[in-house]
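2 protein chains.
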Amino acid sequence: MDERELTELFKKTFPFWDKMNEDDRQTFIRTSHHVHFEKGTNIHDGNECTGVILINSGSLRLYMLSEDGKEITLYRLFPGDMCILSASCVLKTITFDVFVDSEENSECVVIGGCAYEELSRRLPEAKIFALETAVSRFSDVMWVIQQILFMSLDKRLAIFLLDEVSKNGSDTVRLTHEQIAKYMGTAREVVSRMLKYFAGEGIITASRSEGIKILDKKRLRALLS
Amino acid sequence: MDERELTELFKKTFPFWDKMNEDDRQTFIRTSHHVHFEKGTNIHDGNECTGVILINSGSLRLYMLSEDGKEITLYRLFPGDMCILSASCVLKTITFDVFVDSEENSECVVIGGCAYEELSRRLPEAKIFALETAVSRFSDVMWVIQQILFMSLDKRLAIFLLDEVSKNGSDTVRLTHEQIAKYMGTAREVVSRMLKYFAGEGIITASRSEGIKILDKKRLRALLS
Numbered sequence: 000m001d002e003r004e005l006t007e008l009f010k011k012t013f014p015f016w017d018k019m020n021e022d023d024r025q026t027f028i029r030t031s032h033h034v035h036f037e038k039g040t041n042i043h044d045g046n047e048c049t050g051v052i053l054i055n056s057g058s059l060r061l062y063m064l065s066e067d068g069k070e071i072t073l074y075r076l077f078p079g080d081m082c083i084l085s086a087s088c089v090l091k092t093i094t095f096d097v098f099v100d101s102e103e104n105s106e107c108v109v110i111g112g113c114a115y116e117e118l119s120r121r122l123p124e125a126k127i128f129a130l131e132t133a134v135s136r137f138s139d140v141m142w143v144i145q146q147i148l149f150m151s152l153d154k155r156l157a158i159f160l161l162d163e164v165s166k167n168g169s170d171t172v173r174l175t176h177e178q179i180a181k182y183m184g185t186a187r188e189v190v191s192r193m194l195k196y197f198a199g200e201g202i203i204t205a206s207r208s209e210g211i212k213i214l215d216k217k218r219l220r221a222l223l224s
Numbered sequence: 000m001d002e003r004e005l006t007e008l009f010k011k012t013f014p015f016w017d018k019m020n021e022d023d024r025q026t027f028i029r030t031s032h033h034v035h036f037e038k039g040t041n042i043h044d045g046n047e048c049t050g051v052i053l054i055n056s057g058s059l060r061l062y063m064l065s066e067d068g069k070e071i072t073l074y075r076l077f078p079g080d081m082c083i084l085s086a087s088c089v090l091k092t093i094t095f096d097v098f099v100d101s102e103e104n105s106e107c108v109v110i111g112g113c114a115y116e117e118l119s120r121r122l123p124e125a126k127i128f129a130l131e132t133a134v135s136r137f138s139d140v141m142w143v144i145q146q147i148l149f150m151s152l153d154k155r156l157a158i159f160l161l162d163e164v165s166k167n168g169s170d171t172v173r174l175t176h177e178q179i180a181k182y183m184g185t186a187r188e189v190v191s192r193m194l195k196y197f198a199g200e201g202i203i204t205a206s207r208s209e210g211i212k213i214l215d216k217k218r219l220r221a222l223l224s
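Residue numbers (numbering that gives the first Met the number 0), protein chains in the order written: chain X, 0 to 224; chain L, 0 to 224.
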């Protein structure tokens, strides 16, 4: 990536780019480095400060890992997103461990945590952006926690989908999200979001015309254990 | 609470109080109201914006509630703390629901969410404080999630008992199994059975009159490794 491309990415990612002075911009350009992550690479394991990661192409997956090796996907990041939980020196109040993997071949730019932290001490907009990013991830994470770990909604939806395809003898469920929600006694929004989560995990595809198609029955069954 | 006491509480809570101008301070004083919450009152149920709650005395408990009525305590707030998750209009990116109860008789001051939000648009320090508070709760919550939903129960109970005796400075926990179960987000039967197991192992004794007495702190701690 040359300086022009790097500047483009920074502009796209940071709403405060225009408020940075030329020195600070040069520091960002100088201290950042371009990294190519092969699909499936572990990028961050919760220990040290990996830095602020900007995604230029590909996607990253953030997840928790239990003691017995069970993974729970918290959220995914796509081009234009910034991964801030990997930069523990920017957000010192973040004290928990998450894991970050590249889910596809991904082109990323990593800015040293210190450079960002130093800027955010002088430019409130930079600090606010980092914090707001973290708080909005907080909401994503709470949703996953509530539906998956607390309400077992992933299990309940898996049971429902498996029942349906076993009844109709195909691998497709032709019901609206609204209908599924009604059968499950929950809200349409919750069903839609969980189906999107399943789709992200490669378990199903969902489209208005084709309905919900189960791609990986094995993983759907695995959710029940 | 008179104006002087209110000012004292604001000073204690807000690190940016000195940076507020006189008009803004007067707005805070005028729009805030003092509320006494009886022990056990539900203060916030996740629906509307209850406002920013400052705790002057007593304590508040924040928790998630599952569809079947199971509670998981996320964290507690004490005098000098600010409850920000109840002010959804301040942090618009917070989109999940938490419940807030007063755990003791509590004296609180509630500032209208709009007044805080309006200030934080002009004073970056106010915005940063709200966001940093939320992010640090994010860490608390993640810790709980990991303890409760990811860790095995013997460890969880051990941590709970050790925390309690370290807080009260004795070797006895005077809570019912029902209370412990509620705090841990599990069923009374599960707690009773695990306590019986601990008693069988000579780690504790449990009786209705004497409470739970820890006999072997070393072995309780060993469970954590």
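Because the hints were derived from the structure by calculation, they are not lab data.
Heads up, some of the hints might be wrong.
For chains that are exact copies, the list does not tell them apart, and a pair is met inside one copy or across any two.
[As the list claims (entries may be wrong)] The list that follows gives simulated cross-link-like pairs (lysine to any residue, SDA-like), each with its CA atoms no further than 25 Å apart:
#1 Lys91 x Met193
#2 Lys154 x Arg29
#3 Lys166 x Thr92
#4 Lys91 x Arg120
#5 Lys166 x Arg3
#6 Lys195 x Ile93
#7 Lys212 x His33
#8 Lys217 x Asp80
#9 Lys212 x Gln178
#10 Lys154 x Ile93
#11 Lys91 x Arg207
#12 Lys154 x Asn46
#13 Lys154 x Thr72
#14 Lys166 x Phe15
#15 Lys11 x Glu163
#16 Lys38 x Glu102
Against the structure, the hints:
1. In this assembly of identical chains, Lys91 and Met193 lie within 25 Å of each other by CA distance solely across copies; the values are 22 Å between and 32 Å within a copy.
2. In this assembly of identical chains, Lys154 and Arg29 lie within 25 Å of each other by CA distance neither inside one copy nor across copies; the values are 48 Å within and 47 Å between.
3. In this assembly of identical chains, Lys166 and Thr92 lie within 25 Å of each other by CA distance solely across copies; the values are 23 Å between and 35 Å within a copy.
4. In the homo-oligomer, the alpha carbons of Lys91 and Arg120 lie at most 25 Å apart both inside one protomer (13 Å) and across protomers (24 Å), since each shortest distance falls under that limit.
5. For the homomeric pair Lys166 and Arg3, neither the shortest alpha-carbon distance inside one copy (33 Å) nor that between copies (57 Å) is at most 25 Å.
6. Within a single copy, Lys195 and Ile93 get their C-alpha atoms only as close as 27 Å, which misses the 25 Å cut-off; across copies the closest is 20 Å, which meets it.
7. For a Cα distance limit of 25 Å, the shortest separation of Lys212 from His33 qualifies neither inside one copy, at 38 Å, nor across copies, at 55 Å.
8. Proximity of Lys217 to Asp80 under the C-alpha cut-off of 25 Å is found in neither arrangement, the shortest distances being 32 Å within a copy and 47 Å between copies.
9. Taking the shortest Cα distances, Lys212 and Gln178 sit within 25 Å of each other inside one copy (16 Å), while across copies they are farther apart (45 Å).
10. Proximity of Lys154 and Ile93 under a CA criterion of 25 Å is satisfied inter-copy only: 24 Å between copies versus 30 Å inside one chain copy.
11. Neither within a single protomer nor between protomers do Lys91 and Arg207 lie at most 25 Å apart by alpha-carbon distance, with minima of 44 Å and 30 Å respectively.
12. Proximity of Lys154 to Asn46 under the C-alpha cut-off of 25 Å is restricted to the inter-copy arrangement: shortest distance 23 Å between copies versus 31 Å within a copy.
13. In this assembly of identical chains, the alpha carbons of Lys154 and Thr72 lie at most 25 Å apart whether taken from the same copy (15 Å) or from different copies (23 Å).
14. With identical chains, the CA atoms of Lys166 and Phe15 are never at most 25 Å apart, being 31 Å at best within one copy and 45 Å at best between copies.
15. In this assembly of identical chains, Lys11 and Glu163 lie within 25 Å of each other by CA distance neither inside one copy nor across copies; the values are 28 Å within and 49 Å between.
16. Proximity of Lys38 to Glu102 under the C-alpha cut-off of 25 Å is restricted to the intra-copy arrangement: shortest distance 5 Å within a copy versus 48 Å between copies.
In the structure shown, a violation is registered for the earlier hints numbered 2, 5, 7, 8, 11, 14, 15, in ascending order.
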